[in-house]
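Asks: Sequence:
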Amino acid sequence: MSSVRRGWNLLRTPHERNRSSLSRIRKGYANNSLVEHVSLSEDEMRSQEKSGSMSVVTVAVAAGVSAVVSAIVVSIGVVGMVLLDRGNTAPPQTIVAAFPSQAPAAPTSAAPSARPGAAAPPAAVQSAPPVAPPPAAAPAPAVPPPPAVAEEPPAAEETVAPQAPPVLSEGQLAGKLQLLLDPGTAPEIKAGELEAGEAGLGMIGPVADALALAGPAYSWTVVGPVSVDGDLLTAQLKTSLVGFGDRFQPITWIWLDGNWKLTNESGCALAAMAMVPCPA
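Numbering of the sequence shown is given in the UniProt record's numbering, commencing with residue 1 and proceeding in unit increments.
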């Protein structure tokens, strides 16, 4: 039976156990006062019986003391109950159910209130003035198109100046004349050395034959000075006949078809020396 009571006491809440203890205390005080009162009354009654008389003062004092003790016990019990109720009574907890669809409130930008003993927040760092963005890069200058090359007007056909004929030496001129008077030279070569061409072959042939007959008694050569005037070259023909001395007479060539050719006048002069008629 005692183990059942101990188990029941363990299952009860602290508040219930405190109330039970307080109830027992009240009962103990009450019983003691009653016992004392009863004991006092019995002793007084015995003494009264012995003495044979009952003191009214004693009875009044006993009743007053009993009332005061009872009031004290009741006051102590009430104060104890109030203190126990305050110690065991906790403020009700409020449970706030968070709805899943409700978004949490955004934190406010207000600074938190300073708590006692908390370190002061660091001083706000003065923000640097905003840096102005760099100026936009200027667009690259447009590359100018290459200047148009002016078309040159068609060049006028340059007139090629005739190449200046070369100046021949005395020996070169004597060789050209020897080519004409040599009987073994081909007629086409002789025609290429004459201004008259093939028409002049009729007068050069008899001159060549006359020189061959004269033999060593008659000789000739070309001497200077040699001069060029435009397309005309002039030199001196020197002839020698035994017993008659040397004779000099002009002899000319003309620049024609890229070659110095013996002029018709000089050809006729040679024909006259050989007593050959000059073709008209």
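Rather than coming from a laboratory, the hints here were simulated on the basis of the structure.
Note that CB positions come from ideal geometry on N, CA and C, so glycine has one too.
Certain hints may be false.
Stated by the list, open to error - Each pair of labels, with its calculated beta carbon distance range:
1) Gly-175 <-> Leu-241: 14 to 24 Å
2) Asp-257 <-> Ser-227: 18 to 28 Å
3) Leu-179 <-> Asp-231: 28 to 38 Å
4) Leu-213 <-> Gly-245: 19 to 29 Å
5) Leu-213 <-> Val-167: 11 to 21 Å
6) Ser-219 <-> Ala-164: 26 to 36 Å
Asks: Can the suggested window of 19 to 29 Å be confirmed for the beta-carbon pair Leu-213 and Gly-245?
Replies: Check passed, 21 Å falls within 19 to 29 Å.
Asks: Is it true that the C-beta distance of Asp-257 to Ser-227 lies inside 18 to 28 Å, as the hint says?
Replies: holds (22 Å)
Asks: At the C-beta level, are Leu-179 and Asp-231 separated by a distance inside 28 to 38 Å?
Replies: Violated - the Cβ-Cβ distance for Leu-179 and Asp-231, about 20 Å, lies outside 28 to 38 Å.
Asks: Using the beta carbons of Ser-219 and Ala-164, state whether their distance is inside 26 to 36 Å or not.
Replies: holds (33 Å)
Asks: With respect to the beta-carbon atoms only, verify the hint that Leu-213 and Val-167 lie 11 to 21 Å apart.
Replies: Once the Cβ atoms are compared, 35 Å apart, the range 11 to 21 Å for Val-167 and Leu-213 is violated.
Asks: Lying within 14 to 24 Å: is that true of the beta-carbon distance Gly-175 to Leu-241?
Replies: holds (22 Å)
Of the hints listed earlier, those the structure fails to meet are numbers 3 and 5, in rising order.
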